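Chains as they are written, first to last, in this note's numbering: chain F, 1 to 786; chain G, 1 to 263.
There may be inaccurate statements among the hints.
Label pairs and their computed distance ranges (CB to CB) [claimed, not checked]: (1) G:E168 with F:L137: 57 to 67 Å; (2) G:M1 with F:G779: 42 to 52 Å; (3) G:G225 with F:D782: 19 to 29 Å; (4) G:T216 with F:R401: 53 to 63 Å; (5) F:D782 with G:G194: 40 to 50 Å; (6) F:D782 with G:P176: 22 to 32 Å; (7) F:G450 with G:S21: 51 to 61 Å.
As a list, the in silico BS3-like pairs of lysine-lysine whose alpha-carbon atoms are at most 25 Å apart [what the hints assert, rightly or not]: (8) G:K39 with F:K130; (9) F:K470 with F:K88; (10) F:K23 with F:K528; (11) F:K558 with F:K470; (12) G:K253 with G:K191; (13) F:K23 with F:K12; (14) F:K778 with F:K387; (15) G:K253 with F:K451; (16) F:K778 with G:K253.
Think of the hints as simulated: they come from the structure by calculation, not from any bench. Bear in mind that the values here come from a model prediction, so they are computed numbers and not experimental data. For each residue, glycine too, the CB sits at the ideal point set by N, CA and C.
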Amino acid sequence: MSEGIGARVKRKEDKRFLTGKGKYTDDVRMENQAYAAFVRSHHAHAKLTGLDTSVAERMPGVIAVLDGQEMTADGIGSIICGWAITSKDGSPMNMGTWRPLADDKVRYVGDAVAVVIAESPGEARAAAEKVEATFELLPAVAATDETLNPGAPQVHENAPGNLIYDWELGDAGATDTALAGSAHVTEIELTNNRVSPNPMEPRSAVATYDEAEDHYTLYTTSQNPHVARLVLSAFYQVAPEHKLRVIAPDVGGGFGAKIYIYPEEITCLWASMKTKRSVKWTSDRNEAFMTDAHGRDHVTTAKMGFDASGKITGFKVDTIANLGAYMSLFSSAVPTYLYATLLSGQYNMPNIHCNVRAAYTNTAPVDAYRGAGRPEASYLIERIMEKAARELGMDPADLRRKNFIQSFPHETPVIMTYDAGDFDGNMDKAQAAADVAGFPARKAEAASRGKLRGLGYSCYIEACGLAPSKAVGSLGAGVGLWESAEVRMNPVGTIEILTGSHSHGQGHETTFAQIVADRFGVPLDSVKIVHGDTDQVQFGMGTYGSRSGAVGMSAIAKAMDKVEAKIKKIAAHQLEASEDDIVIEGGEVKVAGTDKKMLWHEVGLAAYTAHNLPEGMEPGLKEGAFYDPVNFTFPSGTYIAEVEIDPETGTVEICQFTAADDFGTIINPMIVEGQVHGGVAQGIGQALLEEVVYDKQGHLMTGSYMDYTMPRADDLPFYTIEHNTTVCPNNPLGIKGCGEAGAIGSPPAIINAITDAIGTEDISMPATPQRVWAALRKGASDMAAE
Amino acid sequence: MHQTTYHKASSAEDAAAKLGSAEDGMILAGGQTLLPTMKQRLAAPSDLVDLSGAGLSGISVDGNTLTIGAMTTHAEVASSADVQRVIPSLACLAAGIGDPAVRNRGTIGGSVANNDPAADYPAAMLGLGATIVTNSREIVAEDFFTGMFSTDLEEGEVITSVKVTAPERSAYAKFPNPASRYAMAGVFVAKSAGGVRVAVTGAGDDGVFRHEGLETALASDFSAGAVDAVPVSADSMLHDIHGDGAYRAQLVKVMAKRAVEAA
Numbered sequence: 001m002s003e004g005i006g007a008r009v010k011r012k013e014d015k016r017f018l019t020g021k022g023k024y025t026d027d028v029r030m031e032n033q034a035y036a037a038f039v040r041s042h043h044a045h046a047k048l049t050g051l052d053t054s055v056a057e058r059m060p061g062v063i064a065v066l067d068g069q070e071m072t073a074d075g076i077g078s079i080i081c082g083w084a085i086t087s088k089d090g091s092p093m094n095m096g097t098w099r100p101l102a103d104d105k106v107r108y109v110g111d112a113v114a115v116v117i118a119e120s121p122g123e124a125r126a127a128a129e130k131v132e133a134t135f136e137l138l139p140a141v142a143a144t145d146e147t148l149n150p151g152a153p154q155v156h157e158n159a160p161g162n163l164i165y166d167w168e169l170g171d172a173g174a175t176d177t178a179l180a181g182s183a184h185v186t187e188i189e190l191t192n193n194r195v196s197p198n199p200m201e202p203r204s205a206v207a208t209y210d211e212a213e214d215h216y217t218l219y220t221t222s223q224n225p226h227v228a229r230l231v232l233s234a235f236y237q238v239a240p241e242h243k244l245r246v247i248a249p250d251v252g253g254g255f256g257a258k259i260y261i262y263p264e265e266i267t268c269l270w271a272s273m274k275t276k277r278s279v280k281w282t283s284d285r286n287e288a289f290m291t292d293a294h295g296r297d298h299v300t301t302a303k304m305g306f307d308a309s310g311k312i313t314g315f316k317v318d319t320i321a322n323l324g325a326y327m328s329l330f331s332s333a334v335p336t337y338l339y340a341t342l343l344s345g346q347y348n349m350p351n352i353h354c355n356v357r358a359a360y361t362n363t364a365p366v367d368a369y370r371g372a373g374r375p376e377a378s379y380l381i382e383r384i385m386e387k388a389a390r391e392l393g394m395d396p397a398d399l400r401r402k403n404f405i406q407s408f409p410h411e412t413p414v415i416m417t418y419d420a421g422d423f424d425g426n427m428d429k430a431q432a433a434a435d436v437a438g439f440p441a442r443k444a445e446a447a448s449r450g451k452l453r454g455l456g457y458s459c460y461i462e463a464c465g466l467a468p469s470k471a472v473g474s475l476g477a478g479v480g481l482w483e484s485a486e487v488r489m490n491p492v493g494t495i496e497i498l499t500g501s502h503s504h505g506q507g508h509e510t511t512f513a514q515i516v517a518d519r520f521g522v523p524l525d526s527v528k529i530v531h532g533d534t535d536q537v538q539f540g541m542g543t544y545g546s547r548s549g550a551v552g553m554s555a556i557a558k559a560m561d562k563v564e565a566k567i568k569k570i571a572a573h574q575l576e577a578s579e580d581d582i583v584i585e586g587g588e589v590k591v592a593g594t595d596k597k598m599l600w601h602e603v604g605l606a607a608y609t610a611h612n613l614p615e616g617m618e619p620g621l622k623e624g625a626f627y628d629p630v631n632f633t634f635p636s637g638t639y640i641a642e643v644e645i646d647p648e649t650g651t652v653e654i655c656q657f658t659a660a661d662d663f664g665t666i667i668n669p670m671i672v673e674g675q676v677h678g679g680v681a682q683g684i685g686q687a688l689l690e691e692v693v694y695d696k697q698g699h700l701m702t703g704s705y706m707d708y709t710m711p712r713a714d715d716l717p718f719y720t721i722e723h724n725t726t727v728c729p730n731n732p733l734g735i736k737g738c739g740e741a742g743a744i745g746s747p748p749a750i751i752n753a754i755t756d757a758i759g760t761e762d763i764s765m766p767a768t769p770q771r772v773w774a775a776l777r778k779g780a781s782d783m784a785a786e
Numbered sequence: 001m002h003q004t005t006y007h008k009a010s011s012a013e014d015a016a017a018k019l020g021s022a023e024d025g026m027i028l029a030g031g032q033t034l035l036p037t038m039k040q041r042l043a044a045p046s047d048l049v050d051l052s053g054a055g056l057s058g059i060s061v062d063g064n065t066l067t068i069g070a071m072t073t074h075a076e077v078a079s080s081a082d083v084q085r086v087i088p089s090l091a092c093l094a095a096g097i098g099d100p101a102v103r104n105r106g107t108i109g110g111s112v113a114n115n116d117p118a119a120d121y122p123a124a125m126l127g128l129g130a131t132i133v134t135n136s137r138e139i140v141a142e143d144f145f146t147g148m149f150s151t152d153l154e155e156g157e158v159i160t161s162v163k164v165t166a167p168e169r170s171a172y173a174k175f176p177n178p179a180s181r182y183a184m185a186g187v188f189v190a191k192s193a194g195g196v197r198v199a200v201t202g203a204g205d206d207g208v209f210r211h212e213g214l215e216t217a218l219a220s221d222f223s224a225g226a227v228d229a230v231p232v233s234a235d236s237m238l239h240d241i242h243g244d245g246a247y248r249a250q251l252v253k254v255m256a257k258r259a260v261e262a263a
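Full structure from sequences and hints, please.
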């Protein structure tokens, strides 16, 4: 079937994207539209002592200047974190207050204190520069490894010592005992660097208040418009849900950063009510660096024990997670249930204990970013495995194979139950494709050119398909993580799929249509995917955590089951056959073994004319379903990186990058490969190039592309991609998910290749030329001293 | 962007006059630095005087000397058969500035006047011992570049061209900043009958400079090996999140070696 499951169909949405005809939030033009510009703090930590708006209010084009005190007086709620984590002593997490417009204190560079609404963007910005905010400066803390120190400046009054929670998972006593009895213990200390998501389209919002209807409409750059509406309604008291429509039209990349509801969207809605104007705000790139939720930012020490044969005995992990100045929507879950639960990796580990302290600092909020917790786990496990192999004098692939989980289901000591996988198969495919056997010759050849060549492995596993609602509810989640879908077959036989998933680059309009084409044998062009509008789609939890395939498409499959059953009933009735004998094939509904059939559109017409339906059947052909997964899904894979280093400059060139992934059933291999390309590019970015840097006082040093290194095409290699499929047994299509894998699996492969090449583990991400050169120099001087 | 008043000058003299009558005017050459800076609201000139119609573009050759009009773009320098024949290292340098958009709009006069401490052209001008020609005088490169973002240009003075004479051998090697792709260390070496000049951009804490130690060593032995023995001090090198002084000093040596090898 050329357009069904497994077909390399070109993306339906690309025509409008590639011809500049996409419709993004900033393309929305409302009548009577005004523009917002925010007045932001340049200080990382200060008390707001005064706000003089008198000059700004008289500037040309200015409609209003609104501040935090006014917003607070109007009853707009504070921004919340939606996942409650309980500390190991039983106490709830310490969540500080986050006002959309600060009315008392500012806690990071970029914190907004006021907004100007004006007739044009330029007038709004000019007036915002004339708002005189006066501050009493307070000492600030920015560094992850300093904020929990005694005497560090306090970010929030109700989080003593800046501690948000002190949480643990696993058995501390058993792990300590196992490590004490181990033949060898490998220790590691590492930092998972803070990165900025940088979607190509910056965040944007257009809010309109309709006074006659007392109704709000918000166009915004959201990965989950229904969740946005829920939160805006239930917690921020903007408007009840039936008086608030949220539309996320074409969205140009999210990577996690567009899951959350930010101060700007809330402020635009409120300001549209205050000014009776449509209010638009579009972030510029500097604002994006300052205020989009960042990712990662962990400092970790860990120990892994091995018995004399090289089998893992225990793994003990101690992590500090920097959550920034405020707790963003999912921030608390990222370094806990999306991190510690994956610390078993692909390995049999009898004992694991992980302690996580989450901390406030005077920096931008940190939340989920492509991978969210799982890249941090994968980086830690795969760095320490590589280090252990070197210490034990074993081949790093052999050490991994010795410890691979072989049978499924497999219950780890950290909650998860892996349902399927073939880790040796992943490794086999990757090693063959990367020609590992030929590496020594390539290394020798590189040496003859004065270059250092290294090879690094990463065997990642992740949990996606977020998530079984009951399970996450018991762990503190404030929402259920099911998905919903509606399948509408029209009287002419065309099909509309309404989905709660949201596409912001994933190609849902193509892959979701492919499963319909596959099921009914109808042309791809006769299927339309509707998403991103709370007035059109019944409900949905949106797209993140590689969930739209495993959860979103499962909901569609479930709704298709119901439509199929009704089609069969109608056809059986009209063709005077038994329902069990009806088959749907190639867009026709037939009685098996006969020439009796209905054309596809005849069934649609029959359902809507209702002239001849079975007794008691309702007219129409439209069915909905909510799908709640029974387990997470577990994509896995082996990545192999081969790098060459110029010892004179420290420059790292990636010569080969091989990915062998197990994503379960693949709907569209071309789109899946695109996801791997993009994910690996982001992982390489984190490993070699990207880092958000704050100075000691909390000033952002990487506020533009002049200082923040985004990967460019010439920084990246060509990829070799292999698939090793084991089907997920827990959802109807057997899908595991592929959106985050590349970003999760690639950083340790790159860094392990570098440490292999330079002979020292003493290197941090991003492994910039300066850092690699310094590590080589330190290695040389250490050797000279010995 | 703040409000500004746009003027189009018909000649260098006209530009100087228009600049003189503006409250806080600036010359607009290719605009590849100035316009982004204005968009960021970090520069707010009252008036912009555009040189694109001032007849300052074009390359002429007289024996071993090239005269390059101030408004000649990097792409024109890179693709000029005359430049490629007379001073190939200069064409090569121009081909490596910024990205295609920058090379097709950015100009040699704009780059030299801005004297960005990480720009490529200042290294070539200093390395080649160029003469900067303005509407009122000629200035040798040593006197022209007076420190980071600073030149000998006076108020209202407009660069009209630069004159460069071919050395026997020359080359430019740069190590780009990973983020901005400006030079973190760019070294232009030129060997002439009069000696060797080594000009360094991107690395120094006060803009482009000549490295005496490297010049002396290369004057007696113009080889990459001769660079190894020369101490390059980390003092007075730039220090930022991409590289400290020691790293930049290392890059200066490595780029000097690679330039000598390529020359």
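Hints, verified against the model:
1. G:E168 with F:L137: 57 to 67 Å: For E168 (chain G) and L137 (chain F) the Cβ distance comes to about 59 Å; the hint holds.
2. G:M1 with F:G779: 42 to 52 Å: Once the Cβ atoms are compared, 49 Å apart, the range 42 to 52 Å for G779 (chain F) and M1 (chain G) holds.
3. G:G225 with F:D782: 19 to 29 Å: holds (27 Å)
4. G:T216 with F:R401: 53 to 63 Å: With a Cβ separation near 59 Å, T216 (chain G) and R401 (chain F) satisfy 53 to 63 Å, so the hint holds.
5. F:D782 with G:G194: 40 to 50 Å: holds (46 Å)
6. F:D782 with G:P176: 22 to 32 Å: holds (30 Å)
7. F:G450 with G:S21: 51 to 61 Å: Given a distance of about 60 Å, which is inside 51 to 61 Å, the answer is holds.
8. G:K39 with F:K130: holds (18 Å)
9. F:K470 with F:K88: Answer holds: K470 (chain F) to K88 (chain F) is near 22 Å, not above 25 Å.
10. F:K23 with F:K528: Status holds; Cα separation ~17 Å.
11. F:K558 with F:K470: The given pair, whose Cα atoms are some 19 Å apart, holds under the 25 Å limit.
12. G:K253 with G:K191: holds (17 Å)
13. F:K23 with F:K12: Satisfied, since the Cα-Cα distance of roughly 15 Å is no more than 25 Å.
14. F:K778 with F:K387: Given pair K778 (chain F), K387 (chain F) holds - Cα atoms ~18 Å apart, limit 25 Å.
15. G:K253 with F:K451: Holds: K253 (chain G) and K451 (chain F) sit about 18 Å apart, inside 25 Å.
16. F:K778 with G:K253: holds (19 Å)
The structure meets every hint from the earlier list without exception.
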